[in-house]
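K.L.:
Each chain is listed here by its residues.
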Amino acid sequence: MKIARVTGSTISTIKSPRVKETKLLICREADASGTKELGSSYVATDLVDAGVGDLVLTCHGSAARQTPITKETPVDAVIMAVLDNLVVDGEIVFKK
Amino acid sequence: MKIARVTGSTISTIKSPRVKETKLLICREADASGTKELGSSYVATDLVDAGVGDLVLTCHGSAARQTPITKETPVDAVIMAVLDNLVVDGEIVFKK
Amino acid sequence: MKIARVTGSTISTIKSPRVKETKLLICREADASGTKELGSSYVATDLVDAGVGDLVLTCHGSAARQTPITKETPVDAVIMAVLDNLVVDGEIVFKK
Amino acid sequence: MKIARVTGSTISTIKSPRVKETKLLICREADASGTKELGSSYVATDLVDAGVGDLVLTCHGSAARQTPITKETPVDAVIMAVLDNLVVDGEIVFKK
Amino acid sequence: MKIARVTGSTISTIKSPRVKETKLLICREADASGTKELGSSYVATDLVDAGVGDLVLTCHGSAARQTPITKETPVDAVIMAVLDNLVVDGEIVFKK
Chain F
1 MKIARVTGST ISTIKSPRVK ETKLLICREA DASGTKELGS SYVATDLVDA
51 GVGDLVLTCH GSAARQTPIT KETPVDAVIM AVLDNLVVDG EIVFKK
Chain P
1 MKIARVTGST ISTIKSPRVK ETKLLICREA DASGTKELGS SYVATDLVDA
51 GVGDLVLTCH GSAARQTPIT KETPVDAVIM AVLDNLVVDG EIVFKK
Chain X
1 MKIARVTGST ISTIKSPRVK ETKLLICREA DASGTKELGS SYVATDLVDA
51 GVGDLVLTCH GSAARQTPIT KETPVDAVIM AVLDNLVVDG EIVFKK
Chain R
1 MKIARVTGST ISTIKSPRVK ETKLLICREA DASGTKELGS SYVATDLVDA
51 GVGDLVLTCH GSAARQTPIT KETPVDAVIM AVLDNLVVDG EIVFKK
Chain C
1 MKIARVTGST ISTIKSPRVK ETKLLICREA DASGTKELGS SYVATDLVDA
51 GVGDLVLTCH GSAARQTPIT KETPVDAVIM AVLDNLVVDG EIVFKK
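Chains as they are written, first to last, in the working numbering: chain F, 1 to 96; chain P, 1 to 96; chain X, 1 to 96; chain R, 1 to 96; chain C, 1 to 96.
Note that these hints are calculated values from the structure, not bench results. There is no bait here: all hints are sound.
Below, a list of computed lysine-lysine pairs in the DSS-like style, where the Cα atoms sit at most 30 Å apart:
(1) F:Lys36 - F:Lys95
(2) P:Lys95 - F:Lys23
(3) P:Lys23 - X:Lys95
(4) C:Lys23 - R:Lys95
(5) C:Lys23 - R:Lys71
(6) C:Lys95 - X:Lys23
(7) C:Lys71 - P:Lys71
(8) X:Lys20 - P:Lys15
(9) P:Lys95 - F:Lys20
(10) X:Lys20 - P:Lys71
(11) F:Lys36 - R:Lys15
(12) C:Lys23 - R:Lys96
(13) P:Lys71 - X:Lys23
(14) C:Lys36 - X:Lys36
(15) X:Lys71 - X:Lys20
(16) C:Lys36 - X:Lys20
(17) R:Lys71 - R:Lys20
(18) C:Lys15 - R:Lys95
(19) F:Lys15 - P:Lys36
(20) P:Lys36 - F:Lys36
(21) C:Lys20 - R:Lys71
(22) F:Lys36 - R:Lys20
Note that the structure is predicted; figures quoted are calculated from it, not measured.
Bound conformation, chain F alone (with noise of 0.2 Å):
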């Protein structure tokens, strides 16, 4: 899994009914004490009711459809769990 921060959404068409009815949020890779974005954005539906700003993990491939909103739909990337803690070396680097 990703950690990743979640920095916007998107509206878009898109024909298959079932993705239609999910957000899909904008995200960005984070490091782990989550105070540094890393490389490219992209794009995951969300299923934990996540906003904007928050720091979230993200599985990708086929881990993303082992949900009942997910499952058989083409969807390759989802938040699937928002970081309250992060511990690094002992210490407490991230706090919600």
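Mind docking chains P, X, R and C on chain F? Use the hints.
P.N.:
Okay, now just chains P, X, R and C, sitting in the frame of chain F:
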């Protein structure tokens, strides 16, 4: 899913009869505002009547085969949405 | 799918009897005009009688096994099309 | 599989009841001697009672769900081994 | 498939009984002539009795489980061929 710009089209000799009937478009990943193109070009099966210049979402891997058109075909990327709006940090950064 | 140039061939000792009967070619990703090679070389099972020098499309991951030849074999990349034309921004950038 | 160092732990709000019961650890890819960390951090489900500081193997993609704990859950990375020894070019480069 | 050099071996504590019985080797991607190593090391299950120093093909993702030895195991990379010859642009660039 990747935010991508459709940049072109392909004509090719394909054996798989079902892939032959689909439109294979050239895409290039874009940043979250759709203004800068990133990385190398790739080819995706069009599911949403996208045109050259459109900003789209592409999904990858086995997700690309979760549609009636691409089911059980050798296809690893599809265009599954045409983007109408992108909102980053509360600002509209892209409007079709 | 990746746009790729076929650059060579391989001879190898393989245990899987069905993979043994296939042609494994060396490919290198190319840019959208097919003139510049990018990244490192990889090996793909040929499904379309491609030859060295051809510009092709390769598909990757589980997509590579959605064909009668590669079904249930340890193969993660196939050549699924020989490119005849590439058109970018309204211009023919590659013609076979 | 990736050679990785476990660097931390996460607390998060997850909807999937089965993922909730697992331990999600922060990992960072390491070189073949386990001394240098590479790339960005990622989060993996612990299957082997790994602890912070351990050098482990993580597996990714659908492979991560080939275990009773992770089967049919939205998980794309697991820690599947704790490394005891790494031998490169005939030399022991890592010993737990 | 990736062209890779086998560089070492691993000893580890694994829970999955079927993975325990396999040989996990350290590999590093190589260029098309097998002379230059590229990128970071990774670990793959050996299916072809490869040894340290051998130039091999590794396959990745769900492809790695399309063999009797790795079926339904948490394994995402296997060595599926030992390379005997590589021919690039009509020249033999590698001979075992």
